[in-house]
Amino acid sequence: MTDARTAPSRSVNTVLGPVPADDLGVVSVHEALLSVVPGAEHAYDITIDRAEVFEVLAKKLTDFRNAGGGTIVDSTGMFYGRDVRLYEALSRSTGVHVVASTGMGPEEMLGGYFLTPQTNPPTPWPAERFADLFSQEVSEGMVVPRVERRGGAGLVATTATREGMTATDESLFRGAARAARDTGVPVSIRFGADAVHDLEVVLSEQLPADRVVVGGLDRRDAVDAGAPLEVARRGAYVALDHVGSDSVDRDDDDAHLTDRERAALVVELVQAGHADRILLSSNAIGVAVGQPAYDLPFSHVCSTFVPFAKSLGLSDEDARRILVGNPRDLLTVR
Amino acid sequence: MSKVNTVLGTIPAEELGVVAVHEHIGYGMPGSELDSKWWKTPEQRYEETVPKLRAFHEYGGGTFVDVTGICNGRDVDYYKSLSAKTGVHIVACTGFVGGDTALPHFARASVDYLTRQFVSEITVGIGDTGSRAGVIKVGVSRGGRMTELDKRIYRAAARAALTTGVPIMTHLAIDAETAIAIFSEEGLPLDRVLFGHADDGVNAEKTRDTWIAEQGGRVGFDTFGYETELEDPPFWARPRKERLDHFLRFIGQGHLDKVLASADANCSPLGWPGVKGHTVNYVFEDLIPDLREAGVDEATITTIFVDNPADFLTIRT
Numbered sequence: 002m003t004d005a006r007t008a009p010s011r012s013v014n015t016v017l018g019p020v021p022a023d024d025l026g027v028v029s030v031h032e033a034l035l036s037v038v039p040g041a042e043h044a045y046d047i048t049i050d051r052a053e054v055f056e057v058l059a060k061k062l063t064d065f066r067n068a069g070g071g072t073i074v075d076s077t078g079m080f081y082g083r084d085v086r087l088y089e090a091l092s093r094s095t096g097v098h099v100v101a102s103t104g105m106g107p108e109e110m111l112g113g114y115f116l117t118p119q120t121n122p123p124t125p126w127p128a129e130r131f132a133d134l135f136s137q138e139v140s141e142g143m144v145v146p147r148v149e150r151r152g153g154a155g156l157v158a159t160t161a162t163r164e165g166m167t168a169t170d171e172s173l174f175r176g177a178a179r180a181a182r183d184t185g186v187p188v189s190i191r192f193g194a195d196a197v198h199d200l201e202v203v204l205s206e207q208l209p210a211d212r213v214v215v216g217g218l219d220r221r222d223a224v225d226a227g228a229p230l231e232v233a234r235r236g237a238y239v240a241l242d243h244v245g246s247d248s249v250d251r252d253d254d255d256a257h258l259t260d261r262e263r264a265a266l267v268v269e270l271v272q273a274g275h276a277d278r279i280l281l282s283s284n285a286i287g288v289a290v291g292q293p294a295y296d297l298p299f300s301h302v303c304s305t306f307v308p309f310a311k312s313l314g315l316s317d318e319d320a321r322r323i324l325v326g327n328p329r330d331l332l333t334v335r
Numbered sequence: 066m067s068k069v070n071t072v073l074g075t076i077p078a079e080e081l082g083v084v085a086v087h088e089h090i091g092y093g094m095p096g097s098e099l100d101s102k103w104w105k106t107p108e109q110r111y112e113e114t115v116p117k118l119r120a121f122h123e124y125g126g127g128t129f130v131d132v133t134g135i136c137n138g139r140d141v142d143y144y145k146s147l148s149a150k151t152g153v154h155i156v157a158c159t160g161f162v163g164g165d166t167a168l169p170h171f172a173r174a175s176v177d178y179l180t181r182q183f184v185s186e187i188t189v190g191i192g193d194t195g196s197r198a199g200v201i202k203v204g205v206s207r208g209g210r211m212t213e214l215d216k217r218i219y220r221a222a223a224r225a226a227l228t229t230g231v232p233i234m235t236h237l238a239i240d241a242e243t244a245i246a247i248f249s250e251e252g253l254p255l256d257r258v259l260f261g262h263a264d265d266g267v268n269a270e271k272t273r274d275t276w277i278a279e280q281g282g283r284v285g286f287d288t289f290g291y292e293t294e295l296e297d298p299p300f301w302a303r304p305r306k307e308r309l310d311h312f313l314r315f316i317g318q319g320h321l322d323k324v325l326a327s328a329d330a331n332c333s334p335l336g337w338p339g340v341k342g343h344t345v346n347y348v349f350e351d352l353i354p355d356l357r358e359a360g361v362d363e364a365t366i367t368t369i370f371v372d373n374p375a376d377f378l379t380i381r382t
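Quick note, the sequences are listed as chains Z and Y, same order.
Just so you know, our numbering puts 303 at position 302 of the first sequence, and the rest follows in order with no gaps.
Just so you know, our numbering puts 293 at position 228 of the second sequence, and the rest follows in order with no gaps.
These aren't lab readings, by the way, just hints derived from the structure by calculation.
Heads up, a few of these hints could be off.
Unchecked claim - For each label pair, taking beta carbons as the anchor points, the in silico distance ranges come out as:
1) 57/Z to 112/Y: 34 to 42 angstroms
2) 205/Z to 271/Y: 37 to 45 angstroms
3) 146/Z to 112/Y: 18 to 26 angstroms
4) 150/Y to 141/Z: 33 to 41 angstroms
5) 120/Y to 149/Z: 29 to 37 angstroms
6) 317/Y to 164/Z: 51 to 59 angstroms
7) 222/Z to 150/Y: 38 to 46 angstroms
8) 146/Z to 188/Y: 23 to 31 angstroms
9) 246/Y to 164/Z: 26 to 34 angstroms
10) 248/Z to 195/Y: 41 to 49 angstroms
11) 112/Y to 304/Z: 49 to 57 angstroms
12) 57/Z to 275/Y: 52 to 60 angstroms
13) 146/Z to 195/Y: 17 to 25 angstroms
Stated by the list, open to error - Simulated crosslink set (DMTMM-like; lysine to aspartate or glutamate; CA at most 25 angstroms straight-line):
14) 102/Y to 250/Z
15) 311/Z to 225/Z
16) 102/Y to 149/Z
17) 102/Y to 129/Z
18) 145/Y to 46/Z
19) 145/Y to 149/Z
20) 216/Y to 149/Z
21) 306/Y to 296/Y
22) 105/Y to 109/Z
23) 102/Y to 297/Y
24) 145/Y to 123/Y
25) 150/Y to 108/Y
26) 102/Y to 183/Z
27) 105/Y to 80/Y
28) 105/Y to 225/Z
29) 216/Y to 108/Z
30) 105/Y to 79/Y
31) 216/Y to 250/Y
32) 306/Y to 322/Y
33) 102/Y to 141/Z
34) 105/Y to 42/Z
35) 102/Y to 133/Z
36) 150/Y to 297/Y
37) 216/Y to 109/Z
38) 306/Y to 294/Y
39) 145/Y to 108/Z
40) 68/Y to 251/Y
Glycine is no exception: its CB is placed at the ideal position from the N, C-alpha and C atoms.
Modelling step: build the complete structure from the supplied sequences, incorporating the hints.
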């Protein structure tokens with residue numbers, strides 16, 4: 002029997018095409034490169050200078066690479082400023098692999114095309130239509146709207162409404178799960194009010210749990226509810242993806258654990274036998290448009306946080322597994 | 066001086082000629098650009114659009130008012146090239162077709178911010194095109210009642226209209242009491258507002274057209290041609306004769322000075338199939354002949370298609 006992990010067909014969809022999974026190196030699974038609130042591109046007081054955006058992002062990616070980083074996953078989906086051609090140029094010039102995502106959500110972030118279509122009555126899109134839209138972005142390539150398709154998406158990312166999953170959010174989650182199931186890329190969910198509930202929705206679409214990453218599990222309310230451990234027990238990946246949130250000045254500072262608490266949670270999950278389910282990321286925003294900056298280096302996880310977690314007892318082997326092995330297994334197309 | 070903003074610059078209102086006051090070069094709901102089933106090559110787009118505008122011009126059409134709002138595929142650089150090559154004046158709009166076509170950046174915005182957006186597009190230009198908007202589009206979201214966001218947009222539009230002198234056009238004239246209350250609170254004279262789609266198949270029954278005219282508002286019979294007689298009519302279609310009778314009845318009630326007419330057609334739809342056989346040229350090929358046949362005289366036709374729109378579109382200073 003051959004070891005599936007060394008089979009040559011194991012690859013990950015990056016913006017420059019499929020890359021052998023073992024080439025990814027250190028991966029940050031939940032980050033944003035160019036992040037544009039839908040509609041902001043039409044605002045009278047906003048101009049997006051592509052050359053300037055490129056320069057800022059190239060610098061941040063180079064810093065990430067110099068800190069030992071290998072791959073950035075832009076997990077903002079298809080309707081939040083994703084610019085595939087820019088990401089291709091960035092990846093070529095910095096040598097950092099860039100995985101871009103399809104998907105959308107939560108409901109509030111959708112265009113009217115999906116919510117009030119030109120039908121009578123204006124029924125919001127059902128799951129199967131979202132599944133088709135997202136699947137096409139993986140199998141036929143990500144869209145440059147009304148122009149062309151580029152490389153395939155490496156991830157389907159969706160988000161539920163913070164106050165709780167709406168009916169349309171549920172269609173998005175089911176559609177994302179079906180797209181992941183049918184194309185072999187993983188799905189990333191950012192839960193609304195209840196992480197385990199929202200995970201169960203995608204699992205009920207016959208998607209294996211190890212194809213799912215649940216983001217935001219370092220949110221205080223989720224930690225208080227015991228969600229990180231519950232999600233790991235179900236076999237899904239636990240993303241503690243607001244690393245560094247306490248070093249950025251934001252209104253919602255209290256919503257997430259501090260890095261000290263987060264590191265303790267990592268150690269706790271490892272001790273509970275879930276080292277193979279932990280992912281770390283920052284949800285940093287490379288360039289933020291139409292929203293406050295969230296200016297944290299992409300290298301924060303590997304340069305600052307992981308050394309700190311090691312000082313609390315995280316082993317080198319587990320650290321390596323969390324930074325390299327787990328994201329590789331998640332992102333490998335099945 | 067009577068001036069109107071077109072995509073190629075400011076022109077005298079005297080130059081507008083026959084106006085199709087509520088039209089679309091191409092309309093798509095926000096997000097439809099992500100669905101490649103609707104994509105067309107640039108060649109296709111020009112091929113579908115240019116002959117219609119050329120025919121419009123040859124029929125004697127002077128001005129095409131495009132009311133494709135922000136986020137609906139409004140493409141001013143494209144309109145500029147179409148206008149320059151066909152000789153048709155094109156007026157572009159600022160504003161939104163309805164709250165449900167405003168993307169989150171605008172859906173979350175205050176009345177003040179929306180006002181600044183509209184004023185900027187009217188006085189500075191739309192994006193980096195240098196073209197100034199000539200009308201402000203607002204509308205009622207799907208569902209029949211104005212939403213909180215619709216109301217914010219109407220109020221911002223009223224303020225921008227007062228500041229700039231550019232008029233407002235509405236998508237749908239249902240829930241007009243709410244709209245008129247907002248315009249009155251803001252002190253906007255109602256002859257600066259065209260309440261549109263008073264004639265459409267779904268909403269005509271629910272639209273208080275004569276009441277709006279009595280309040281001083283202008284009334285748009287501007288979905289002419291969306292007929293149940295078409296091969297594949299849309300859900301807002303209406304029998305041809307019923308619409309025409311409605312229009313003639315309204316004029317007969319003494320509201321000629323308040324009326325405007327148009328076809329609301331898409332030259333090349335962006336995010337929907339469009340309606341086969343329906344174009345802006347319905348105005349010349351069907352509507353004006355029907356009016357003549359019904360005994361409407363030439364002076365009245367000129368009032369509807371030339372004088373009223375010129376008065377409405379002229380920037381009021």
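Against the structure, the hints:
Between residue 57/Z and residue 112/Y the beta carbons are some 41 angstroms apart, a value that agrees with the proposed interval 34 to 42 angstroms. Taking 37 to 45 angstroms as the suggested C-beta distance range, the pair residue 205/Z and residue 271/Y conforms, at roughly 42 angstroms. For residue 146/Z paired with residue 112/Y, a C-beta distance near 21 angstroms keeps the hint of 18 to 26 angstroms intact. At roughly 34 angstroms, the beta carbons of residue 150/Y and residue 141/Z sit within the given window of 33 to 41 angstroms.
The supplied range of 29 to 37 angstroms is met by residue 120/Y and residue 149/Z, whose beta-carbon atoms lie about 32 angstroms from each other. As the Cβ distance of residue 317/Y to residue 164/Z is approximately 53 angstroms, the hint placing it in 51 to 59 angstroms holds. Between residue 222/Z and residue 150/Y the C-beta distance comes to about 59 angstroms, which lies outside the given range of 38 to 46 angstroms. Taking 23 to 31 angstroms as the suggested C-beta distance range, the pair residue 146/Z and residue 188/Y conforms, at roughly 29 angstroms.
Look at residue 246/Y against residue 164/Z: about 31 angstroms separates their beta carbons, and that is inside 26 to 34 angstroms. The supplied range of 41 to 49 angstroms is met by residue 248/Z and residue 195/Y, whose beta-carbon atoms lie about 44 angstroms from each other. The supplied range of 49 to 57 angstroms is met by residue 112/Y and residue 304/Z, whose beta-carbon atoms lie about 56 angstroms from each other. Checking the proposed 52 to 60 angstroms range against residue 57/Z and residue 275/Y shows it holds: the Cβ atoms sit about 58 angstroms from each other.
At about 23 angstroms, the CB distance of residue 146/Z to residue 195/Y agrees with the hint of 17 to 25 angstroms. Using a Cα cut-off of 25 angstroms, the hinted pair residue 102/Y and residue 250/Z is violated, with the two alpha carbons roughly 43 angstroms apart. Straight-line distance between C-alpha atoms of residue 311/Z and residue 225/Z comes to about 24 angstroms, which keeps the hinted pair within the 25 angstroms bound. Proposed proximity of residue 102/Y and residue 149/Z is supported: the alpha carbons are some 12 angstroms apart, at most 25 angstroms.
For the hint pairing residue 102/Y with residue 129/Z, the CA-to-CA distance comes to about 16 angstroms; that is within 25 angstroms, so the pair holds. Taking the CA atoms of residue 145/Y and residue 46/Z, the gap is near 23 angstroms; set against the 25 angstroms cutoff, the hint holds. At most 25 angstroms may separate the alpha-carbon atoms for a hinted pair to count; residue 145/Y and residue 149/Z meet this at roughly 24 angstroms. About 37 angstroms separates the Cα atoms of residue 216/Y and residue 149/Z, which puts this hinted pair outside 25 angstroms; it is violated.
A C-alpha spacing of about 17 angstroms is found between residue 306/Y and residue 296/Y, which places the hinted pair at or below 25 angstroms, so the restraint holds. As the CA atoms of residue 105/Y and residue 109/Z are separated by approximately 28 angstroms, the hinted pair breaks the 25 angstroms bound. Between residue 102/Y and residue 297/Y, the direct Cα distance comes to roughly 19 angstroms. Compliance with the 25 angstroms bound is thereby established for this hinted pair. At most 25 angstroms may separate the alpha-carbon atoms for a hinted pair to count; residue 145/Y and residue 123/Y meet this at roughly 19 angstroms.
Distance hint between residue 150/Y and residue 108/Y is fulfilled; the C-alpha atoms sit about 15 angstroms from each other, no more than 25 angstroms. Taking the CA atoms of residue 102/Y and residue 183/Z, the gap is near 20 angstroms; set against the 25 angstroms cutoff, the hint holds. Distance check on the hinted pair: residue 105/Y and residue 80/Y sit about 33 angstroms apart at the alpha-carbon level, beyond 25 angstroms; violated. Of the pairs offered as hints, the one joining residue 105/Y and residue 225/Z is violated, with about 51 angstroms between alpha carbons and a cut-off of 25 angstroms exceeded.
A distance of roughly 21 angstroms separates the Cα atoms of residue 216/Y and residue 108/Z; the hinted pair therefore holds under the 25 angstroms criterion. A threshold of 25 angstroms between alpha carbons decides the hint, and for residue 105/Y with residue 79/Y the separation of about 36 angstroms lies outside it, so the pair is violated. Note on residue 216/Y and residue 250/Y: the hinted pairing holds, with a Cα-Cα distance of about 12 angstroms set against a maximum of 25 angstroms. Between the alpha carbons of residue 306/Y and residue 322/Y the distance comes to roughly 22 angstroms, so the proposed pair stays at or under 25 angstroms and holds.
In summary, the hint linking residue 102/Y to residue 141/Z is supported, as the alpha carbons are separated by about 13 angstroms, within the 25 angstroms threshold. Note on residue 105/Y and residue 42/Z: the hinted pairing holds, with a Cα-Cα distance of about 22 angstroms set against a maximum of 25 angstroms. For the hint linking residue 102/Y to residue 133/Z, the alpha-carbon distance of about 11 angstroms falls within 25 angstroms, and the restraint holds. Our distance criterion of 25 angstroms between C-alpha atoms is broken by residue 150/Y and residue 297/Y, whose separation comes to about 32 angstroms.
Distance hint between residue 216/Y and residue 109/Z is fulfilled; the C-alpha atoms sit about 18 angstroms from each other, no more than 25 angstroms. With a C-alpha separation of about 10 angstroms, the suggested pair residue 306/Y and residue 294/Y falls inside the 25 angstroms cut-off, and the hint holds. For the given pair, residue 145/Y sits about 35 angstroms from residue 108/Z by alpha-carbon distance, which is inconsistent with the 25 angstroms threshold. For the suggested pair residue 68/Y and residue 251/Y, the alpha carbons sit about 24 angstroms apart, so the restraint of at most 25 angstroms is met.
Hint compliance for this structure: hints 7, 14, 20, 22, 27, 28, 30, 36 and 39 are not met, and every other hint is.
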